[in-house]
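J.: One-letter residues, chain by chain:
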Amino acid sequence: MREGEKLKKQGVTFKRVIFWVITILVMIGILGPLLWIYLTAFKSSADIFAGSLNRQLIFTPTLENFKRLFVQFPFFKTLGNTLIMSLGSTVLVMIVALPAAYSFARWNTGGGHILFNTIASRMFPGVVASIPFFIVFRHIDLLDKHIGIILLYMYFNVSFATFLLYGFFRDVPVELEQAAMIDGYGRFNIFRKVVLPLVLPGIATTSVFCIIWSWNEFLFAFLFSRKVATTVTVLISSFWGSIDVQYGTMAAGAAISILPTLIAAWFMQRYIVRGLTFGAVKG
Amino acid sequence: MSRIDVNNVWKIYGGNVVGVRDLTFTCDDKEFLAILGPSGGGKSSTLRMLAGLEEISKGEVKFDDVVVNDKGPSERNIALAFESYALYYRMSVYENIAFPLRAKGLKGKEIDKMVRDIAEVLNLTTILQKKPGELAGGHQQRVSLARALIRRPNLTLLDEPLSHMDQRLRAGIRAQIRRIHEEFGNTTIYVTHDQAEAISLCDRILVLSNAEKQQIGTVDEIYNRPVNKFVANFIGQPGMNFLQGKVHSQKSASVDTDEGVKIIEIAGTVDPKYIGSEVTIGVRPQQITIVEDKEKGFNLMGSVKIVEFQGDTSILAVELNDIQKTEIKVVIPAGGFKFKRGDFCYMDVDPEFIHLFDSAEKAIIERNA
Numbered sequence: 001m002r003e004g005e006k007l008k009k010q011g012v013t014f015k016r017v018i019f020w021v022i023t024i025l026v027m028i029g030i031l032g033p034l035l036w037i038y039l040t041a042f043k044s045s046a047d048i049f050a051g052s053l054n055r056q057l058i059f060t061p062t063l064e065n066f067k068r069l070f071v072q073f074p075f076f077k078t079l080g081n082t083l084i085m086s087l088g089s090t091v092l093v094m095i096v097a098l099p100a101a102y103s104f105a106r107w108n109t110g111g112g113h114i115l116f117n118t119i120a121s122r123m124f125p126g127v128v129a130s131i132p133f134f135i136v137f138r139h140i141d142l143l144d145k146h147i148g149i150i151l152l153y154m155y156f157n158v159s160f161a162t163f164l165l166y167g168f169f170r171d172v173p174v175e176l177e178q179a180a181m182i183d184g185y186g187r188f189n190i191f192r193k194v195v196l197p198l199v200l201p202g203i204a205t206t207s208v209f210c211i212i213w214s215w216n217e218f219l220f221a222f223l224f225s226r227k228v229a230t231t232v233t234v235l236i237s238s239f240w241g242s243i244d245v246q247y248g249t250m251a252a253g254a255a256i257s258i259l260p261t262l263i264a265a266w267f268m269q270r271y272i273v274r275g276l277t278f279g280a281v282k283g
Numbered sequence: 001m002s003r004i005d006v007n008n009v010w011k012i013y014g015g016n017v018v019g020v021r022d023l024t025f026t027c028d029d030k031e032f033l034a035i036l037g038p039s040g041g042g043k044s045s046t047l048r049m050l051a052g053l054e055e056i057s058k059g060e061v062k063f064d065d066v067v068v069n070d071k072g073p074s075e076r077n078i079a080l081a082f083e084s085y086a087l088y089y090r091m092s093v094y095e096n097i098a099f100p101l102r103a104k105g106l107k108g109k110e111i112d113k114m115v116r117d118i119a120e121v122l123n124l125t126t127i128l129q130k131k132p133g134e135l136a137g138g139h140q141q142r143v144s145l146a147r148a149l150i151r152r153p154n155l156t157l158l159d160e161p162l163s164h165m166d167q168r169l170r171a172g173i174r175a176q177i178r179r180i181h182e183e184f185g186n187t188t189i190y191v192t193h194d195q196a197e198a199i200s201l202c203d204r205i206l207v208l209s210n211a212e213k214q215q216i217g218t219v220d221e222i223y224n225r226p227v228n229k230f231v232a233n234f235i236g237q238p239g240m241n242f243l244q245g246k247v248h249s250q251k252s253a254s255v256d257t258d259e260g261v262k263i264i265e266i267a268g269t270v271d272p273k274y275i276g277s278e279v280t281i282g283v284r285p286q287q288i289t290i291v292e293d294k295e296k297g298f299n300l301m302g303s304v305k306i307v308e309f310q311g312d313t314s315i316l317a318v319e320l321n322d323i324q325k326t327e328i329k330v331v332i333p334a335g336g337f338k339f340k341r342g343d344f345c346y347m348d349v350d351p352e353f354i355h356l357f358d359s360a361e362k363a364i365i366e367r368n369a
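Protein sequences, first through last, are from chains A and B. So that you can map any letter, position 66 of the first sequence is 66 in my numbering, and since no number is skipped, the others follow by simple counting. So that you can map any letter, position 178 of the second sequence is 178 in my numbering, and since no number is skipped, the others follow by simple counting.
If you are wondering where the hints come from, they were derived from the structure by calculation, not from laboratory data. Computed from a prediction, not measured in an experiment: that's the story for all the values here. One or more of the hints may lead you astray.
Partner residues are not named here, just some residues of chain A that face chain B (Cβ under 10 Å, in silico) [what the hints assert, rightly or not]:
id: 1; residue: D171
id: 2; residue: E175
id: 3; residue: L176
id: 4; residue: Q178
id: 5; residue: M181
id: 6; residue: I182
id: 7; residue: D183
id: 8; residue: G184
id: 9; residue: G186
id: 10; residue: N189
id: 11; residue: L198
id: 12; residue: L200
Computed list of lysine-lysine pairs in DSSO-like fashion (alpha-carbon distance at most 30 Å, straight line) [said to hold, decoys possible]:
id: 13; chain 1: A; residue 1: K193; chain 2: B; residue 2: K107
id: 14; chain 1: A; residue 1: K193; chain 2: B; residue 2: K104
id: 15; chain 1: A; residue 1: K193; chain 2: B; residue 2: K109
id: 16; chain 1: B; residue 1: K71; chain 2: A; residue 2: K193
id: 17; chain 1: B; residue 1: K325; chain 2: B; residue 2: K362
No residue lacks a Cβ here, since even glycine has one placed at the ideal position from N, Cα and C.
Only chain A is shown next, with the shape it has when bound in the complex:
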């Protein structure tokens, strides 16, 4: 009996050790780069390139990287561009994806084929679409324009958003809508008063996904902008020059521009867990 208990205890301890080892490894994988970014952002160039580990970790913090970033580079302008493009494209995405997803979920519009094709547009590498888009954009003068990049982001996010929202709409029991129909509400009011409140967590989750994707997007912003519509990701990449790599400025830019996505991810985790598991009818 005692022997058994001992073994059991050992088993529990062993499990706990494995759990923590894996957790720590994962945390290092996730937090390591973040730590590097934030440490580097506050280092002077001399400290960045210092050989000893001691100086890598213990140094005098400086704001010179931020100063250079703000003064010498159009950081806030590009950050503003990123903000405009993320929010603008997300609003447009929602305007298209909400009714589309509702229609797919409620009436099986297109018998599943249209929905599949919508999702299929995400199945090839995005870069494949870049050349045709580039040619079209050049002809209709959308290169290096905010609206051009917003449209591109919308193109990439609509399918994904439609598919996510489709799942949320599917969870809304059709009886609720029928009850409202019998109660005397029209289609639009049913959507607004009955369906929308129920899919609000879904809309929040989807929007945050879209914003994060657009915020982090680099390839298309890089290809389709030159001066006016450059985003912060493009600016940060430009610090990797042909002569030297400005690690400090790069880290400072990254340190600021990843903050919103970090906050969004933190905010979202509650919603994702809850939003995906809500059940409506059963009491």
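Could you slot chain B onto chain A? The hints should help.
T.: Chain B only, in chain A's frame:
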């Protein structure tokens, strides 16, 4: 508040699946009609067509002699309580009940009075501020009923409203539903697969099976004059017993037994064309009397296989002495004979309670009312 006429209505899904076949019936003003049948029989399709949630493929539905085929659910002024309650669970009970009134554009004070009135009737006053999710099934269904009834509908449709409740609650809510029906003077159509509910609640029962109307009538008619074998077996617990026999004369049937041909008298007459043809003889388990004396003009005999004690009654499974060795069920009062496995028993059936069905399973005895 309305008389409902359903005339030759069909529901065809996807071009070839028949949900409802050529259905005709009438539900009178202030009547409480049950639509009873097994799952997949067409009950829900019928209900949804009445509600306007499902398109009518063929035929017409009239409310007070006005064809409503093309009217939407909100234009028909009906109420529908869903099996799943379909409450708006983000809103309070109060808001759920007030929801239909808001659609009508009523003002706060009127709404408040009406909500409180109906809450009073349904005993919901104390839970008006709660969310549906916090309530038990019985309460939720009452909220759903309150929401359905607050508009004083022409027709109240109840779709298996009690199916998610436990047995004890059901009886209570059943009585409440009937009371509301009486108090409000509603026309109510109640869909259920539970015959006990249909029998205890309704003025008349429409039996639907296989997408078709089997029979419509009062409980007495359905129970004692089933028009076909399906209804005979579906209604009653346990269902009707069947055994093979022949039409002997216009007033009797015969069964081949181990002891020769046994003649069974019937009340009413059978068309002479049936004489000599094979029929199914039907007898309800509850309408068989066990007799001690073999000479007392018994109809059937057999040996007891299983005794199922039910409290106030016992159900015997009896193997008859006909050549098919048919097993039938007999319900006897618990206090009477004590039977055990293997006992032999004689059974008597009033000619009134003998039913005959032809090969097409239709009842063939003509009786005078």
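J.: Run every hint past the structure and note whether it holds.
T.: Outcome of the hint check:
1. Because the beta carbon of A:D171 sits about 12 Å from the nearest beta carbon in chain B, more than 10 Å, this interface hint is broken.
2. The interface hint given for A:E175 is met, as the beta carbon of that residue sits about 4 Å from the closest beta carbon of chain B, less than 10 Å.
3. Given hint, A:L176 at the interface with chain B, holds; its Cβ is 5 Å from that chain's nearest Cβ, closer than 10 Å.
4. Taking 10 Å as the C-beta cut-off, the interface hint given for A:Q178 holds, the closest approach to chain B being about 5 Å.
5. For A:M181, the interface hint holds, since its Cβ comes within 10 Å of a Cβ in chain B; the closest pair sits about 5 Å apart.
6. A hinted interface residue such as A:I182 counts as satisfied when its beta carbon comes closer than 10 Å to some beta carbon of chain B; here the least separation is about 5 Å, so the hint holds.
7. Annotation: A:D183 was flagged as interfacial toward chain B, and the flag holds, the nearest CB pair being 4 Å apart, inside 10 Å.
8. Because the beta carbon of A:G184 sits about 4 Å from the nearest beta carbon in chain B, less than 10 Å, this interface hint is met.
9. The interface hint given for A:G186 is met, as the beta carbon of that residue sits about 8 Å from the closest beta carbon of chain B, less than 10 Å.
10. Against a cut-off of 10 Å between C-beta atoms, the interface hint on A:N189 holds, since the closest Cβ of chain B lies about 8 Å away.
11. Evaluation of the A:L198 hint against chain B yields a held restraint, the C-beta minimum of about 7 Å falling below 10 Å.
12. Among the interface hints, the one on A:L200 holds; its C-beta lies about 9 Å from the nearest C-beta in chain B, closer than the 10 Å criterion.
13. This hinted pair checks out: A:K193 and B:K107 have alpha carbons roughly 18 Å apart, not beyond 30 Å.
14. Note on A:K193 and B:K104: the hinted pairing holds, with a Cα-Cα distance of about 15 Å set against a maximum of 30 Å.
15. Between A:K193 and B:K109 the CA atoms are separated by roughly 21 Å; this keeps the pair inside 30 Å, and the hint holds.
16. Between B:K71 and A:K193 the CA atoms are separated by roughly 23 Å; this keeps the pair inside 30 Å, and the hint holds.
17. For a cut-off of 30 Å, the pair hint linking B:K325 to B:K362 stands: about 24 Å separates their Cα positions.
Violated hint for the displayed structure: number 1, the only one.
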